[in-house]
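Keeping their order, the protein sequence lines are chains A and B.
Residue numbers for the first sequence follow this note's numbering, beginning at 1 and rising by one.
Residue numbers for the second sequence follow this note's numbering, beginning at 1001 and rising by one.
Hints listed in this document are in silico derivations from the structure and should not be mistaken for laboratory results.
Where is the CB? At the ideal position from N, CA and C, for every residue including glycine.
Check each hint, because a few of them may be wrong.
Said to hold, decoys possible - If you anchor each label on the Cβ, the simulated ranges turn out as follows:
#1 A:35 with B:1305: 49 to 57 Å
#2 B:1246 with A:184: 27 to 35 Å
#3 B:1249 with A:198: 30 to 38 Å
#4 B:1166 with A:37: 54 to 62 Å
Claimed, not checked - Here are a few chain A residues that face chain B, going by a calculated C-beta distance under 8 Å:
#5 17
#6 18
#7 56
#8 80
#9 85
#10 146
#11 149
#12 198
#13 200
Said to hold, decoys possible - Straight-line Cα separation of at most 20 Å, SDA-like style, residue types lysine to any residue; simulated pairs:
#14 B:1240 with A:41
#15 B:1240 with A:199
#16 B:1240 with B:1221
#17 B:1240 with B:1310
#18 B:1240 with B:1205
#19 B:1240 with A:200
#20 B:1240 with B:1150
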Amino acid sequence: MDTLATWLSYRPGDLLMFSPETYRRLFERLNLELWPWHGLLALLVVAMLWLALRPERVAQRAAGILLAAAWAAVAWGFFDLYAEINLLAPWLAGVFVAQALAIAAIALVGPGLAIGYAGRRARIGLAIACWGLLGHPLLLLAVGRSPASLELFGLAPDPTAIATIGLLLSSQLRHPVPLLVLPLAWCLIAALTWWALLTA
Amino acid sequence: MPNTHHRRRRQLLRAAAAGLIAGYLPGGSARAVADPIIKRRIPASGETVAAIGMGTWITFNVGSDPRARQQRTEVLRTFLDRGGQLVDSSPMYGSAEAVLGHALASIERTDPLFAASKVWTPDEDATREQVARSERLWGIDRFDLMQVHNLVAWEAHLETLLAMREAGELRYVGITTSHGRRHRELERIMRERPIDFVQASYSLANREAEQRLLPLAAERDIAFIANRPFQGGRLIDRVKRHPFPGWAREAGLANWADALLKFIIAHPAVTCAIPATSRVDHMRENMQALRGPLPDEALRERLARHVARL
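Hey, can you work out the whole structure from these sequences and the hints?
Printed below as a string of structure tokens:
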């Protein structure tokens, strides 16, 4: 009971061991490492969307592989840096590895990633995907984040999770919910992290 | 050789000066020694240590980022240049120990560092392994002080640390808590175990330690390290929104950081306060508290009443 009472007495901010500045700096360092290949990243995102809109199964499979690669890239790149400042990061990276494997499985042995405009779910999904791909970084710019520390799809976890939620909702998958669990879980973790950082 | 000789002579002179100031105990007069560094006696040995130390929670956890590491090196350099000695860290603080080691290796030091870290693992058999890892990260041969962090698996760790102290592998042994947690258990350890240091939260806005821990530390001859002197930055951020009172300035206090820290180290049972910062200008402010007059009891209470109203 004592142990439980002790843990319950902590505020979220008490458990974070890094500052907001250090967390933002992770994205700056990621962007520095990628530079000057940001154009290639943008091309891959456009290619993923174009392939996902194609009717051919092989294109849809390729789109799924690119989405899985984005999750794997975040697990590999972002979490490698994040692990330096957060002892829980290797565990959190597991979320991204698991999601990359799940999407890769859908791409290789399932229907792939085929998105469309028809229906309310698909349109909401596309709006969320656009938010993850463009809206999220633009909002950060608007609130004063420097261009060098922008969070981008395929590099940073938040826009990757948001865009994936949108793409899965707009996809023709009959049961997208199981694939939404981990991106939604990450969004919750990210929201708690920022809340703790900004209120600590 | 002449350089080494000169350095040793300077160290001896400083040690002699420290010895002279060792008997200086605050609380009686607000206008005592003006310029010398305020040092406090460690009851277990009689050795003295500068009353303002440096914490590393959050501030030194910057990973391998070269720019941030350079900034932290300058923070540590400022601390040491201005007479600071006790640096406190923990394996729980992410990369802080590695960043400290990098900074220490970059600074040519002439004054003795008082290296303090902690054991933080539920594995009761991993005490020595973790101490050795911390020594490697800091780049030092031996810790001055090794503490059991937040009472985690404390009985086994304490037993091993005390054995290491007996064998000369450590100089002092302590136990820590923070945020006012598990004070009853801490008190029991202070009464029953031969520890040299205890570390707990104490600040102008969190005076719970005054009730039992500080009197017990004095009674048991245990050195007291005050962590979270600015309450993780919240206290200093709050008071800095208000002008520094003229009466406090007239009493010899320079600014809010100086006042908050001197409030702590003016308590006779406190050995050292360990504020943490990532900024050189803030470190300069903090280190002002290592010199000048300490507030007497009346001034401490006036400060507490004033801050409570802000």
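Status of the hints after comparison with the structure:
The hinted window of 49 to 57 Å between residue 35 (chain A) and residue 1305 (chain B) holds, with their beta carbons roughly 55 Å apart. For the pair residue 1246 (chain B) and residue 184 (chain A), the supplied restraint of 27 to 35 Å is violated, since their beta-carbon distance comes to about 55 Å. For the pair residue 1249 (chain B) and residue 198 (chain A), the beta carbons lie near 33 Å from each other, so the given range of 30 to 38 Å is met. Between residue 1166 (chain B) and residue 37 (chain A) the beta carbon distance is about 58 Å. The supplied range of 54 to 62 Å therefore holds.
The interface hint given for residue 17 (chain A) holds, since its Cβ lies 5 Å from the closest Cβ of chain B, which is under the 8 Å cut-off. The criterion of a C-beta within 8 Å of any C-beta in chain B is met by residue 18 (chain A), whose closest approach is roughly 5 Å, and the hint holds. Evaluation of the residue 56 (chain A) hint against chain B yields a violated restraint, the C-beta minimum of about 44 Å exceeding 8 Å. Hint on residue 80 (chain A) is violated. Least Cβ distance to chain B is approximately 10 Å, over the 8 Å limit.
Interface hint at residue 85 (chain A): satisfied, since its Cβ lies 5 Å from the closest Cβ of chain B, which is below the 8 Å cut-off. Restraint check, residue 146 (chain A) versus chain B: the minimum CB separation of about 14 Å is more than 8 Å; hint violated. For the restraint placing residue 149 (chain A) at the interface with chain B, the shortest Cβ-Cβ distance is roughly 12 Å, beyond the 8 Å limit, so the hint is violated. Annotation: interface hint on residue 198 (chain A) violated; nearest CB of chain B at approximately 13 Å, more than 8 Å.
Interface hint status for residue 200 (chain A): upheld, as the beta-carbon distance to the closest one in chain B is roughly 7 Å, under 8 Å. For the proposed pair residue 1240 (chain B) and residue 41 (chain A), the alpha carbon gap of about 45 Å is over 20 Å, so the pair is violated. Between the alpha carbons of residue 1240 (chain B) and residue 199 (chain A) the distance comes to roughly 18 Å, so the proposed pair stays at or under 20 Å and holds. Among the hinted pairs, residue 1240 (chain B) with residue 1221 (chain B) is inconsistent with the structure: their alpha-carbon atoms are about 35 Å apart, more than 20 Å.
For the suggested pair residue 1240 (chain B) and residue 1310 (chain B), the alpha carbons sit about 10 Å apart, so the restraint of at most 20 Å is met. Distance restraint check for residue 1240 (chain B) and residue 1205 (chain B): the Cα-Cα separation of roughly 14 Å lies within the 20 Å cut-off, and the hinted pair is therefore satisfied. A distance of roughly 17 Å separates the Cα atoms of residue 1240 (chain B) and residue 200 (chain A); the hinted pair therefore holds under the 20 Å criterion. Restraint check for residue 1240 (chain B) and residue 1150 (chain B): the C-alpha separation of about 30 Å exceeds 20 Å, so the hint is violated.
Against the hints set out earlier in the document, violations occur for numbers 2, 7, 8, 10, 11, 12, 14, 16, 20.
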